[in-house]
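Following the hints, complete the assembly by docking chain S onto the known chain D.
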Amino acid sequence: MKTNYLFITMFLLGIATVFAQSISGHIISSDDGLSLPGVSIVVEGTERGAFSDFDGNFTIEASVGDTLIFSSIGFESQSIVVESDTLEVTMKTNTTNLSEVVVVGYGTMKVKDLTSSISTVGSEEIQKTPSSQVMQALQGKVAGLQVVSSGAPGEAPTIRVRGVGSYPVGGNSTPLYVVDGMFFNNIDFLNPSDIDSVSVLKDASSAAIYGVRAANGVILIETKSGKANQETQVVYDGYYGTQLAQNVLKMANAEQFTTMVLESGSTPDIEYLLNAMQLFGRSRVNPNIPDVNTNWYKEIMRPAAIQNHSINISGGSNKATYSMGGNYLAQEGILDMKNEYTKINFRARVDFQANDWLKVGANFITTNTEKFAPEYGAWKSAYTAVPILPIYNEDNTEGAWPDNFASARTLGYRGGQNPFPAMRYSDNRIQGKQTVSNLYAQVELIPNKLDFKTTYYHSYGDNYGRYTRLPFYLSNGFQRVDASISKSFSTFSNQIIDNVLTYQDQVKDHRYTLMVGSAYRNERGQSLGAQGLNFPYDDEKSWYIDQAATVPSEAVGDGGYVQYGLSYFSRVQYSYKDKYMFYGTMRADGSSKYQEKWGYFPTLSLGWIVSEEDFFKNDIVNYLKLRASWGQLGNDKVAASDGAATTSVINTAIDDTLTAGTVTTNNFSSLGWEVVEETNIGLTSKLFDNKLSIDADYFIRDTNNAVIPVLLPVVGGSILRNVGTIRNSGVELSTTWSNQVSDRFSYEISANIGTLKNEVLDLYGQDYLNGGQAEFRQRTTVGGSILAFYGWERAGVYQTEAEIAADPIAVANNLVPGDLKFVDQNNDGVIDGEDRVDLGSYLPDFTYGGNMNFQYDQLSLSISWMGQSGNKILNRKRGEYIWTNDTNIDADLAVNRWHGAGTSNTYPSSSGLRRGWNQKMSNFFVEDGSFFRVQNVQLGYTLKPNNFPQTRLTLTADRPLTMFNYNGFNPEVASGIDNQTYPIPAVFTLGVNLKF
Amino acid sequence: MKNKLFKSFALALGALTLTISCTDVVNELPENKAFTETTDYSISDNMILPLIGAYANFSNMGWELNPLLAVRGDDVNKGGLGDQKDLKDIDDFSNYNKDFWMLNSAWQGLYSDIYKMQVAIDEVYNYMEAGASASKAEQYVAEIKTLKAFFLLQLGRAWGDILIPTTSSPSDLLVAELTPRDEVFAYLQSLLDEAIPNLPEGRPNQRTDIKGGVTKATALALKAKVSLELNDYQAVADATSQIIANGGFSLVEDFSEAFKLDGKLSDEMLLEMQHSDYNQGSGDRSYHLFAFYGPQKWTPAVSGAGGGWGFWEPSKEYIKFMLDRGEEERLVASVLFTPRGMSELEADGYSLPSYVSNTTPYGDTFQDYPRAMYASGKHYMPSSYLIPGRTSYGSNKNFPVLRYAEVLLMHAEALTNGANGSGMTADQAVNAVRSRAGMAPLSGVTSSDVMEEKLAELAMEWGDRFYDSVRTGNTSHLNQNGANYDDSKRYFPYPQAQVDLLPALQN
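Protein chains in written order, with the working numbering: chain D, 1167 to 2162; chain S, 8 to 514.
So here's chain D without its partners, still in its complex pose:
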């Protein structure tokens, strides 16, 4: 039989050879109408093949009547019968994606085999966002993923996958990033243009293979690689743009401020006003206010430039593929000081089929960054600084140097207030280098069945911080005497060795994959820091501790850590008739971090493709898969447990001599593994000719042994303890409608929403745990949300003396009209600690996002949006008033304050603001943090000139519009406590993409 078949084939080949002619053609993509290189073309039934060249052209020997099969990753394969000797082929993008392969832990899987909740975002979407941060591009894109951005250049956003299971201190709720197999806590070193895809593993079944580090979700990142048999492609991608602050918080202006002060009844503050009028004159419009009206926020900000340029070169032969690239990014901060970020990175990736059983490869990324960090304190100063203070005081008689910046102390205020000295006389430079490399060898032990892969990963980097403070004198008490320079060096080196053995086979209808592996992890770091005072500071070249007159011994610090991890893991994946799937993984993790050394993390999941069943087949639902999974994950990002008392050195003056003693701390954290247990059920479906896709998931995620800081009685401070069980549950829904209306016009609309309910199930017998600051209490209560704001509920404002007289509570507390009225929750006639209630959580009830893409010929338009709802923000900037009264306040409060019966039922009077009664933690300080934002708008136009590289021009507006009611700059506050956040600017850019 075999020989017959061979014979026939040879016979047919012979015929073909006889009649074959040269067929040529051109291939374009339905997506953007661009030429498509690297498409594989095979004459059906033969081994004759070709690839399209860079311009999408191909030629192949075939005869009329032959069938040509065109295939390329990301596109639907199609067969075309040859009718003439030229062909125009349009490849349709693969909308079903079902044949696509996704990366899972220690391997890949076909999308159709997935039983877990995984969301993948591709490079095109990522590159739409002009940012140095890869994760910023995912904001609003993935249901259940909360991205809280940071406005400062080079600062990473806060990422939450399906809520928080332990208290977010010290970054212990950050997800695990796995970049080409290597583990990272942050991915600052990557550049968006390096990325091929980002996959968010949301549920336990997908993430459990990463065991102890998976509890906060796992984000898998694949960098770009070359494709086999692809001609060399050189792509330049760049943009230039500007960043502008949005939603600038309105502060009280000089007139509003003056009114507040006059109503406060505080004689000193009124005197400061008079001083200001004496020094700076009276306003000609209103002679009762000083002739100064400084809008501090406006003064400290600037439009800031951002630019990025990248070059990528990729290609491949049938044995080797390669991809190399370089990127330069420069971003200024919107704070008007030396605040900027530059990043230069290079990467290379080569995969080589050495012989028929051995494949080797190497991947290498190196990054250099330089960041001039902002003085975050300037944002706070701009909030508190009084508007009746000018930036400069040219008439300063106190001998100000080097500049004549004004000092509020001259007017009588307690502090200098002016944010400019901090901005001008500080220089915070942080330089970082990071190199990530991995090498692998993959051996095929049984062809197409058993292979063994060993990989060595190394991530090495250093950070060099230099913080310089230059001296100044502006007034008595607003000065810096010593020039100081603080330096810190730190290096880290993380190594992983992975060994993975994979066996896959198919016996009739049974398809299965078995994988076992082991990993050894070694993470170590060192740091050293010191300070020098009074060095020659005029020339930056002399900013060295060696040049300093004094080197305080107390400022020398030395630190280091070494942590080891050892893991064994395995995966079973089984599918029957491609309809019923089973998936399971198990990981054993050993860590030197805890007293309890080993943790075990299993998962199981099932899938059923209902649409493959005969009884289900119909014209509306093209595809339907039901999924269910259960698994356990560990969280080792909580601080290492000391497990025992520690002794440290403390210095003091004894007889004018610096003398060292010791102080022993016996309040130590003793921790076991924090374990997350998650159940997920979901469905994946395609409807209406695959035009509509719907993904839905419901999850219950319990953190057992949750680690939360527990306040120590009487002494203050807190220690970490495993305290109970915290549940996050929610529904996630993503849907996409895409339609190719005609050859020239197509569109896609997608939307997603994720709900989140955070609930404390158990606190090991206690009813509640207090947290937060004593003055701004947060409380974790069984049945409530973790660290909910906790205080009195405002019922309104006392309007009249009669109302006071009628209320025994008001009388008992000597209240006056204009004071806040609180709800007497237990109706016992007094307002005390028993009347406090849950004032809401900093976690949103739901987050949502959406996206619209339109393509008409060479023109494309995409609009995306996102938002969140139900989270609360503690307006701590206002709260600062309880400590410092001689400051400015936001315009909303100043204008809407109570100042007579009927003027306000929300805000106290100006004098009331200064009284302790109104400074109680209440929902006067806790506000709604919901917002809606137009996330990104991009207009693109593609030119295909002859003899010139294909050019695509884009205009992008990133985050151009945000709507919210919160009285702050920015409703994105990771911890819910808004003390001083860097505002998030809108970014407007012009981009060019050239393909050579």
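Everything labelled a hint here was simulated from the structure, so no lab data went into it.
Incorrect hints may appear among the rest.
[As the list claims (entries may be wrong)] Within a straight-line C-alpha distance of at most 16 Å, the following computed EDC-like cross-link-like pairs (lysine to aspartate or glutamate) qualify:
1) D:Lys1416 / D:Glu1465
2) S:Lys218 / D:Asp1822
3) D:Lys2161 / D:Asp1219
4) D:Lys1653 / D:Asp1724
5) S:Lys105 / D:Glu1706
6) D:Lys1258 / D:Asp1780
7) D:Lys1546 / D:Asp1502
8) S:Lys105 / D:Asp2001
9) S:Lys218 / D:Asp1821
10) D:Lys1653 / D:Glu1706
11) D:Lys1743 / D:Asp1780
12) S:Lys105 / D:Asp1724
13) S:Lys323 / S:Glu353
14) S:Lys223 / S:Glu190
[Claimed, not checked] Pulled from the structure, derived: some chain S residues nowhere near chain D, Cβ distances all over 10 Å:
15) Asn67
16) Gln115
17) Asp129
18) Ser142
19) Glu260
20) Arg332
21) Pro448
22) Tyr492
Nothing here was measured: the structure is a model prediction, and the numbers come from that model.
By construction, the Cβ of each residue, glycine as well, lies at the ideal position given by its N, Cα and C atoms.
Same frame as chain D, but now just chain S:
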């Protein structure tokens, strides 16, 4: 083919063994932590380290503690009008806000120091058990107990019934009961009695191992102060008589200098929070935040010297009291005048003597500032005393805690209340204090003379005026400057944050 398979398996096996052979690494201890269990207690010389640590914590007491404890007396008013209204409400007894941050901060500061003392005692005993000198260990423990007694005294005077820590774990207080006020002071008497026999003789400044450290006299003085709270005048006299009889202490010649550089580790000091610029113009220093007490606006003799916040204002009543007595040295040393403050006095009918001036004898001149009319001279150090390069208000100044002058006055108070003492008569003790201040001697002093002398001598120090007033039931003078005292305002409320944590405070 066979060869290839063999090679591959060898590779796989090799790689697996590599990882398996590393299983021990998960048992490694963390880096860069000095675990107490790894401390080598057999090095007996190191037994002094936890004691120095205890002194370090004593000297680092928070700046907000003394202002809160002392604000209620009629000797001083809260300055900074309009700012920190809750502190003002405490000053004039109108309202004690349980949520006021300073109450919680002071409570936590005192208790965390007490626990640091507890742990330091445990550490000293660890050295002793490992072979260090038992007598030395007992001396160190006695010193730490004395410091602990100081903190508990502050808690007891301010809050009345308090929790007394007996172990070194704060969590044990979750099940502790409140100790009634009088039992607190009785406990402190016995705690100090335990300590006294083990303490060194002499003055703190005579100690060679830790200059300025606690001696027997320190603990005795503290015991006298504790006993006053119980009206146990005989115990007071017993303690003060011992201090006086053993001699050695004397008053710094110039009253003003006692609070400045001459006073540092002088023969007058029984206990002080030590601070230092270490004789250098920049770099390491240990300091107290005296800026709280300082004037907001001044022209320092040495330009560039920093001012303060204007929060602490000697009362006009106190100044008038001093003027009426014809006090010069103590008035000039205790009060810094602004022109506005002087004209206020003149408006009240006082013709001011020439020594009342807005320029201090050290050449610093104070201008008007809105927050206060006067500032404390006891928390002031002249700008000319600063080491060149230093500019912080009060840098290099110690904070006196127990002075010999106070011992003498406690002695006199006890004797005039019927106790028997030795060493000095009440007249002698009071006149010793008066003569240093340039005041004529008295004879036949009464207990009310002593209390007036205490006001003149100890104003603005640690709230002694307020506590003296309330324990003797002589409170009418507290009602000055709008204040209205009644006994319900004797103790602070427990801070809400602590009530939330501690069952004992919840009823």
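* Asked: Within 16 Å, alpha carbon to alpha carbon, are D:Lys2161 and D:Asp1219?
  -> Roughly 13 Å separates the two Cα atoms, so the pair holds.
* To do: Test the statement that S:Gln115 is away from the interface with chain D: the closest C-beta pair must be farther apart than 10 Å.
  => violated, 4 Å
* Can the restraint linking D:Lys1258 and D:Asp1780 be considered satisfied, given a maximum Cα separation of 16 Å? -> Cα-Cα ~28 Å, so violated.
* Taken at face value, is the distance from the CA of D:Asp1502 to the CA of D:Lys1546 at most 16 Å? -> holds, 14 Å
* Asked: Is S:Lys105 within 16 Å of D:Glu1706, Cα to Cα?
  -> violated, 51 Å
* **Minimum Cβ distance from S:Tyr492 to chain D greater than 10 Å, as the annotation requires** => holds, 16 Å
* Least C-beta distance from S:Asn67 to chain D larger than 10 Å -> Its Cβ does come within 10 Å of chain D, the nearest being 7 Å, so this is violated.
* Can the restraint linking S:Lys218 and D:Asp1822 be considered satisfied, given a maximum Cα separation of 16 Å? -> With Cα atoms ~10 Å apart, S:Lys218 and D:Asp1822 stay inside 16 Å; holds.
* **10 Å Cβ clearance of S:Asp129 from chain D** => violated, 8 Å
* Taking the shortest Cβ-to-Cβ distance between S:Glu260 and chain D, state whether it exceeds 10 Å. => Holds, since 21 Å exceeds 10 Å.
* To do: Given the hint that S:Lys323 pairs with S:Glu353, test it: the Cα-Cα distance must not exceed 16 Å.
  => holds, 11 Å
* Asked: Is the nearest Cβ of chain D still more than 10 Å from the Cβ of S:Ser142?
  -> holds, 20 Å
Hint compliance for this structure: hints 5, 6, 12, 14, 15, 16, 17 are not met, and every other hint is.
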